[in-house]
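There are 4 protein chains.
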Amino acid sequence: MEINGVTIDNTYAEAFPTWICRIIITAVTKEWALKAATEATGFATSAIGCPCEAGIECLIPGSETPDGRPGVAILICASKKKLKEQVVERLAECVLTAPTTAVFNGITTAEEKIAVKLHFFGDGYEYQKEVGGRKCWVIPIMEGEYIGEEEFGIVKGVAGGNLFVMGENEMSALMGAQVAVDAIMEVRGVITSFPGGIVASGSKVGSLKYKFMPASTNEKYCPTLRDKVPDSKVPAGVKAIYELVIDGLDEKSVAEGMARGIRAAVNVPGVKLISAGNFGGTLGPYKFELHKIL
Amino acid sequence: MEINGVTIDNTYAEAFPTWICRIIITAVTKEWALKAATEATGFATSAIGCPCEAGIECLIPGSETPDGRPGVAILICASKKKLKEQVVERLAECVLTAPTTAVFNGITTAEEKIAVKLHFFGDGYEYQKEVGGRKCWVIPIMEGEYIGEEEFGIVKGVAGGNLFVMGENEMSALMGAQVAVDAIMEVRGVITSFPGGIVASGSKVGSLKYKFMPASTNEKYCPTLRDKVPDSKVPAGVKAIYELVIDGLDEKSVAEGMARGIRAAVNVPGVKLISAGNFGGTLGPYKFELHKIL
Amino acid sequence: MEINGVTIDNTYAEAFPTWICRIIITAVTKEWALKAATEATGFATSAIGCPCEAGIECLIPGSETPDGRPGVAILICASKKKLKEQVVERLAECVLTAPTTAVFNGITTAEEKIAVKLHFFGDGYEYQKEVGGRKCWVIPIMEGEYIGEEEFGIVKGVAGGNLFVMGENEMSALMGAQVAVDAIMEVRGVITSFPGGIVASGSKVGSLKYKFMPASTNEKYCPTLRDKVPDSKVPAGVKAIYELVIDGLDEKSVAEGMARGIRAAVNVPGVKLISAGNFGGTLGPYKFELHKIL
Amino acid sequence: MEINGVTIDNTYAEAFPTWICRIIITAVTKEWALKAATEATGFATSAIGCPCEAGIECLIPGSETPDGRPGVAILICASKKKLKEQVVERLAECVLTAPTTAVFNGITTAEEKIAVKLHFFGDGYEYQKEVGGRKCWVIPIMEGEYIGEEEFGIVKGVAGGNLFVMGENEMSALMGAQVAVDAIMEVRGVITSFPGGIVASGSKVGSLKYKFMPASTNEKYCPTLRDKVPDSKVPAGVKAIYELVIDGLDEKSVAEGMARGIRAAVNVPGVKLISAGNFGGTLGPYKFELHKIL
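Protein chains in written order, with numbering that gives the first Met the number 0: chain A, 0 to 293; chain B, 0 to 293; chain C, 0 to 293; chain D, 0 to 293.
Hint data in this document are derived by calculation from the structure and do not stem from the laboratory. One or more of the hints may lead you astray.
One copy or two, it doesn't matter: identical chains are merged, so the pair holds either way.
To be verified - Below, computed lysine-lysine pairings styled on DSS-like, alpha-carbon distance capped at 27 Å:
| no. | residue 1 | residue 2 |
| --- | --- | --- |
| 1 | K128 | K208 |
| 2 | K210 | K81 |
| 3 | K80 | K251 |
| 4 | K134 | K208 |
| 5 | K81 | K291 |
| 6 | K210 | K134 |
| 7 | K83 | K134 |
| 8 | K155 | K227 |
| 9 | K112 | K232 |
| 10 | K291 | K128 |
| 11 | K210 | K112 |
| 12 | K219 | K116 |
| 13 | K208 | K116 |
Keep in mind it's a predicted model, so treat the numbers as computed, not measured.
Let's have the full structure, built from the sequences with the hints guiding it.
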């Protein structure tokens, strides 16, 4: 299959379940909401070495937020037992501390909820108040008053949706990947947790040589090893490969994000092929076949 | 003491020692270096609840980096025993994974060093190479090749330098704080680890009411509690207070940062008073007297 | 009328007709489209002293542009006889010259069109090609090939929709104005042509003292002249006023932009009053009554 | 000559004289100074079709500006007779109107000056005041008070310094050009007036086919015409060429900018060759030989 002269590989991305909490951060301006959201979702690229995976999902205009101020939705993804601790610490240290912020539950329909009791920070001076139909705590702080909800819905979502963007050289593949990330981020319900949404060093599980490593370079996809490893999967003429990893609230949003990413990347000169990563079905229950989602 | 009609309080900021690692991240453009640096220094506002304190110190032009590409210097601050783990995880997950990045030791003169052995990720395909006089490892990855040093100098620096920016209302204090942060960031060797460099909810150690809390709101500096708490330190006419927290490689750079921050904040209409936080000398050995550093 | 404790003045904004051309600029990334659009709409705040009024209307995702790449829509507003020259020069000098750009007609349903014959730049090497159903010219250039349409719809739209955001001090009014501009820009079909969308120095027609001046300071709305001019319209407690000026394709989009701007500004602490400017109906045929549009 | 494997052509860039006015715009934050500066230097890429050439030279920290606030220096370049009008209109419409701005003379040592009498906008309410040793006018406006100098030094500078960045494909050449512009902008005294500093469609004087065109595509440097025009100057393997145009206050700063640009571009994978444009010495008196300036 080809789009705009770029081959779309006949393969699928394999993904697995994760628990996700969605939080709406509002602030006096979208810039301040984004600063808090960026800090709160940092050091959260991959569950392999970070305490969670997290990212900014979308901007939300004031006309759609509980307090009428500009907002940013973030997703925090982790195992169920780690999730609460991560939400607590990230909201306490990175959002409650940030100028003019408020936080609201981003999945009001979720069956399960976690409690994030920031109001103890008020040392007894805190009180309750309704804002936009939400039951909030008000905490007196040096800035004035912090206002926020303390119950956040969590759902079982999808982690590890992915695309491989392959180019005739590094800059083509990078621009292709960047444009794909921008397109993916137009879809609500998904994040791309890596820096700029892009992984330069996709990995395989474990290591052939160093047994203590939980993951190591995916040598079959390394262009500089094309003539050195048996069974290299680097196509002729490909000099650079970037992986995009997508986490999302459900299969549909991940599939939509992947489809938009592909359709965007094929417009970048020098992009040669779009593929995806899987482990033959051993990793997880979700399969996103590239030819089907398009 | 007054500058531009704004009172500079006759007090001092109290600070304490921390271990600091300085890392130079380069990339094909400064934007990509910044994206990696932002992710690597996220979730790192305060040692109270984050695994470390970290931030972007400065941009470094290509004419000053080992590989001639645009760079960003970051500081990671923690206790000595936590520092190595944080540097390893943050470089492995947030920089090695990021497009086009390289990392270099940012304090070549340091007596102590930590080893960050990312090259095991190469699964045996890695090799050594000199770049700009630095001994680096080259790791084949899907993008092409990752290049980086693996020994990073660490020094005993200063954490907790601070300023309080007080305004006649919230927006004045916020703009004053923002301008102060911009001025602080002109000084090399310092970071402001909170979102946008600003703390909206400065804290006191412990809690009067909730014994399980390691820190709680600094009620004496809460404008809305001015008439409710005894000994409020909120001056008449002040409606909002922001704290800026500065970590730095040495006392001199922290003092210089604080001085620049003060001189900048006083130019913002509605800023009334600049002060600083201390615990009467019980917290740490460093004292930054506002009237002396100016 | 009050919203969130902020008074909404019982008055109207007066606006007048203008001719508008809407152009879609696409590029390899939205950043490059924005750079071209920013240059092409610069030096275009007010028809009083600039050759036209122009601004960025909105980002357009690749899924909605003729060539599938990320786009930016701009509006260029002027009298009918000036409009063609301005569109020609701004596209020729600021878009054709910019990396990776293409241009497309942004109002395909318009009854009137202007021709912008950039293809002569090709010096005979140019040729025609259809892109996304649009008849385009391809011009060989040093980058590769420039592609663009050469007929652009123009419509009679509305210039001079406006709001006055008044604050208890300068920073409050400025943040209120900034948030209002962000909200206005969520509406398709409108621009705010001033820097950051905000006018700091609203004017009256002509001058009382200097007869050669086509416009001069609106002294009745100057806070520092409140006690010096008769009939000052600065309310008690107001220390700063910013004007937002909105141009749009039709009355409906301007009214919607104004309504969103008001609802956003009232959330900023220290904003006291929202009003609008008119000249008693002598300036133009459009009246936007604040209480009606909300 | 080769640097980092990239050929540096043995040629020179030819440049010519222009008059330049340097203006320092300060504001409450650097963001607001930048917004005013961006508007004031828009629609100013090339003297061929724009009323002037203009651009942002550099950020200036508050510690170096007359009023202690963050600043941006801009250069406006034109013939002597056009320069005054352009400075007047751009300051009046794009800076006086912008939130919180002030303007100051950026070349205090210049022998020649132009007067920019904005104070008439005050309609008699304006008055004089000294700020940072500069004689300024204060104009009451709706925001509060505008403050600015009204005499600006002008000097005879250099226009048309240039580089050609050639790549094995479009994205490589574009990234090479982008990195070069970033490096050029580290040098004080220069601007790159095109969008993002880059020209995608470099031109020759006049047109072979369309006699009414003052400039047309430089077909000898068009990669897609390599096999169609005699004497093509596109080297084998080059698929895209971007031109960077540099204007500066003197020869030294232009040469320094060009040298930094070259040293930066050669670090981008896929950049093959750096050259420059000249007209055999017929255009202007300045010659920048690439091998000498490095």
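Can you tell me if K210 and K81 fall within 27 Å by alpha carbon in one copy, between copies, both or neither?
Both ways: K210 and K81 sit 26 Å apart in one copy and 24 Å across, limit 27 Å.
When no copy is named, should K208 and K116 be tagged within, between, both, or neither for a Cα gap of at most 27 Å?
For K208 and K116, only the inter-copy Cα distance (15 Å) is at most 27 Å; the intra-copy one is 46 Å.
How would you label the pair K210, K134 (within, between, both, or neither) given a Cα cut-off of 27 Å?
between (51 Å within a copy, 25 Å between copies)
I want to check one pair: K128 and K208. Are their C-alpha atoms no more than 27 Å apart within a copy, between two copies, both, or neither?
Between. Shortest inter-copy distance 21 Å satisfies the 27 Å Cα cut-off; intra-copy 58 Å does not.
Could you figure out if K83 and K134 sit no more than 27 Å apart (CA to CA) within one copy, between two copies, both or neither?
Answer is within; shortest intra-copy Cα gap is 20 Å, inter-copy 42 Å.
Which holds for K219 with K116 at a C-alpha limit of 27 Å: within a copy, between copies, both or neither?
between (47 Å within a copy, 22 Å between copies)
How would you label the pair K155, K227 (within, between, both, or neither) given a Cα cut-off of 27 Å?
Answer is neither; intra-copy 41 Å and inter-copy 45 Å both fail.
When Cα atoms must be at most 27 Å apart, do K112 and K232 count as within-copy, between-copy, both, or neither?
neither (43 Å within a copy, 39 Å between copies)
Regarding K210 and K112, is the shortest C-alpha distance of 27 Å or less found within a copy, between copies, in both, or in neither?
Classified as between: cross-chain Cα gap 26 Å, same-chain 39 Å, threshold 27 Å.
Taking 27 Å as the upper bound on the Cα-Cα distance, should K80 and K251 be classified as within, between, both, or neither?
Classified as within; 25 Å inside a copy, 44 Å across copies.
If the cutoff is 27 Å on CA atoms, where do K134 and K208 land: within, between, both or neither? Let me know, please.
between (55 Å within a copy, 23 Å between copies)
Up to 27 Å between alpha-carbons, please classify K81 paired with K291: within, between, both or neither.
neither (34 Å within a copy, 47 Å between copies)
Checked against the numbered hints given earlier, the structure breaks hints 5, 8, 9 and 10 and satisfies all the rest.
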